[in-house]
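Student: All chains should be modelled from the sequences, with the hints used to inform the complete structure.
Number of protein chains: 2
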Amino acid sequence: MEKSNETFEVTYHISANSLSDAESVSEKIGVEQSVEMPLSALPGSAKKSLPETLLVSQIDDDRWKIVLSFPLQLVEGDANQFLNVLYGNISLYKGIKIVDISNSILENLFNGPSFGIEGIRNMAGIKKRPLSCTALKPVGLSPHELAERAYQFAMGGIDIIKDDHGLANQSSAGFKERVISCAEAIKRAKDKTGKRTLFFPNITTSAKDIFHNFELAIEAGADGVLVSPQLSGLSVLWDLAARAECPVMAHPAFSGAYVSSQNSGFTLDVFYGKLWRSMGADAIIYPNAGGRFPFSEDECLSLHKTCISDLCEFLQSFPVPAGGIQLSSIKKWIEFYGTETLFLVGGSLYTQKKGIKSAAEQFQKILVDYE
Amino acid sequence: MEKSNETFEVTYHISANSLSDAESVSEKIGVEQSVEMPLSALPGSAKKSLPETLLVSQIDDDRWKIVLSFPLQLVEGDANQFLNVLYGNISLYKGIKIVDISNSILENLFNGPSFGIEGIRNMAGIKKRPLSCTALKPVGLSPHELAERAYQFAMGGIDIIKDDHGLANQSSAGFKERVISCAEAIKRAKDKTGKRTLFFPNITTSAKDIFHNFELAIEAGADGVLVSPQLSGLSVLWDLAARAECPVMAHPAFSGAYVSSQNSGFTLDVFYGKLWRSMGADAIIYPNAGGRFPFSEDECLSLHKTCISDLCEFLQSFPVPAGGIQLSSIKKWIEFYGTETLFLVGGSLYTQKKGIKSAAEQFQKILVDYE
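Just so you know, the sequences run in chain order A and B. Going by my numbering, 236 is the number at position 236 of the first sequence; the sequence numbering is gapless. Going by my numbering, 367 is the number at position 367 of the second sequence; the sequence numbering is gapless.
Relax, there's no trap hidden among the hints.
If chains are identical, the list can't say which one is meant, so a pair holds when it fits in one copy or spans any two.
Cross-link-like lysine to aspartate or glutamate pairs, in silico, EDC-like; alpha carbons within 16 Å at most: (1) K176 <-> D78; (2) K97 <-> D60; (3) K48 <-> E145; (4) K208 <-> D78; (5) K176 <-> D209; (6) K47 <-> E145.
Don't read these hints as lab results, they were simulated from the structure. Bear in mind that the values here come from a model prediction, so they are computed numbers and not experimental data.
Tutor: Structure (structure tokens):
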């Protein structure tokens with residue numbers, strides 16, 4: 001689909017009643033996302049800013065696939081301006097869904113993950129098998145109580161412990177004290193078991209303060225960080241990736257509006273897979289099918305594939321299915337996704353009768369069969 | 001609806017089939033947005049983190065209104081964490097729409113606009129009448145061509161000229177050169193006419209670089225700035241407002257996913273009105289009814305009211321209806337909204353046969369009747 005280095009392509013599914021209606025929607029999108037003015041008043045010297053329709057084809061009674069080719073000069077080195085051309089004003093329309101983006105523009109603007117699957121595997125010392133991850137929670141516990149949970153999980157052998165994305169800087173457990181306590185507890189467990197557990201605290205806050213949190217986390221001994229890019233600002237993701245100091249795990253909080261509508265927004269794999277991987281997420285948490293969130297197995301599998309398949313020579317992002325995975329169904333999901341998967345199991349570990357250390361041991365026991 | 005200073009309330013419309021179903025959705029939202037774990041495993045010391053359902057009431061066959069009261073301690077001073085509690089994980093659900101937020105939490109976290117309607121009126125020297133605004137475009141023109149357009153608009157008496165939100169740092173008109181040229185052209189017009197036209201260039205870029213753009217803009221003589229908060233990161237909005245150096249006009253690019261679904265996301269007035277005004281937008285551009293975007297007159301009027309009515313003793317934000325307003329319909333919209341309105345007319349001015357200076361004069365002629 002690549003046309004030349006001077007353009008990039010976006011593929012949409014749109015609502016339309018006929019070929020001419022679909023062509024008209026395509027032209028509207030093109031104008032709205034570039035010159036944003038009536039073509040009758042467009043000066044000749046700005047005609048080069050207009051995208052070109054490459055394809056209009058019917059999918060269904062009232063849905064059409066269209067492909068627009070945009071001049072690269074609309075964007076030129078500014079990833080935020082690319083997001084604007086991609087979905088700025090048309091985010092306010094109904095019935096437009098972005099289903100693909102040409103790799104050329106992702107390659108042009110982004111560098112992908114700095115650690116990726118291989119980097120995280122190396123840090124954790126795990127070659128082939130799927131990895132385990134759990135979430136420290138709930139909000140309201142003291143740093144001591146959270147650290148005790150981290151210790152139990154680490155003693156049970158969990159590969160990665162991340163903070164719940166709702167742990168911020170609450171007075172029940174201030175950011176710095178909490179991160180220091182938990183990192184120390186996890187290190188203490190490692191000294192006993194010899195098994196390394198990685199710690200990814202949640203650093204999400206305003207774009208201005210997040211790098212301060214990042215530095216505190218690294219200083220306290222964090223191995224990676226958790227961030228909700230749609231809360232802190234998407235550019236924070238590529239700025240963190242550019243530092244390349246530790247892996248970044250991305251959380252979908254506040255981003256669901258972009259992917260949860262049938263006929264508008266983005267497909268799950270374009271938004272979290274193509275975009276977030278390109279922007280530098282080393283691990284990508286997503287709402288798994290069959291849990292608390294309304295996404296299908298097909299959507300999730302397609303996203304998983306986009307995280308690990310060839311894309312612009314970017315490193316692979318670890319796909320992290322989450323949101324209600326039961327310990328009892330892990331085997332099923334390994335068969336479904338394969339071993340390049342980082343399973344995030346929270347609630348199901350907390351509800352095991354023999355406690356969380358034993359729950360973590362059960363989790364690991366399932367995974368080691370795949371090494 | 002305020003319960004105490006220790007809690008804040010959020011009102012939702014949700015999909016449910018019965019009272020017990022609605023109660024169950026309410027509990028799910030409460031758990032998802034706070035402790036995010038099965039209640040059976042919740043330790044006693046974290047029970048204080050759970051929100052409480054204050055109301056469950058039927059609106060329609062399958063839609064219900066619910067009100068949840070959240071402990072303030074979930075948020076404590078971190079506005080990003082407030083956005084997370086408000087709409088973090090439930091952004092991934094279907095059928096949940098946020099229709100109100102209690103003022104107490106907005107007051108607690110935000111300071112509102114630093115200039116507001118009064119500040120912008122003072123700068124423009126206009127007491128009572130509605131204000132005019134237009135957009136410099138299209139992308140692809142040179143700084144000289146854009147500056148010539150700015151000059152013509154200013155000679156015609158436009159009150160505020162903002163950049164098109166698609167003008168970034170393209171090689172056709174690099175940011176710095178473009179802003180300097182346009183600011184200079186507008187000043188030149190003022191020297192001739194004596195009438196002040198305010199210039200709001202678009203500074204939108206990554207969270208890391210936007211303050212650099214901001215400083216360049218101020219240095220070049222900008223009177224205010226245009227920013228797309230959902231592209232740069234919402235926190236950029238309150239950080240810019242906190243500097244209080246010039247008014248900030250907020251543009252809805254990339255934010256439509258939050259407001260364009262009938263049954264999920266936010267109402268137009270809660271998102272742009274309550275949130276963006278609280279976060280510090282001095283002027284709020286929104287997609288007007290009857291233009292290119294699919295919002296109703298009721299939705300737009302309700303948003304307009306939220307911008308100018310009493311809210312936490314915040315200054316008023318100038319409501320800026322846009323997106324296809326015709327010069328010929330300005331009078332109708334003044335009757336509809338009243339005079340506390342900043343009308344953004346772009347395309348319709350560019351298509352007037354006698355040129356843009358004459359179009360601007362026509363625009364002003366309509367408005368001066370309301371002084």
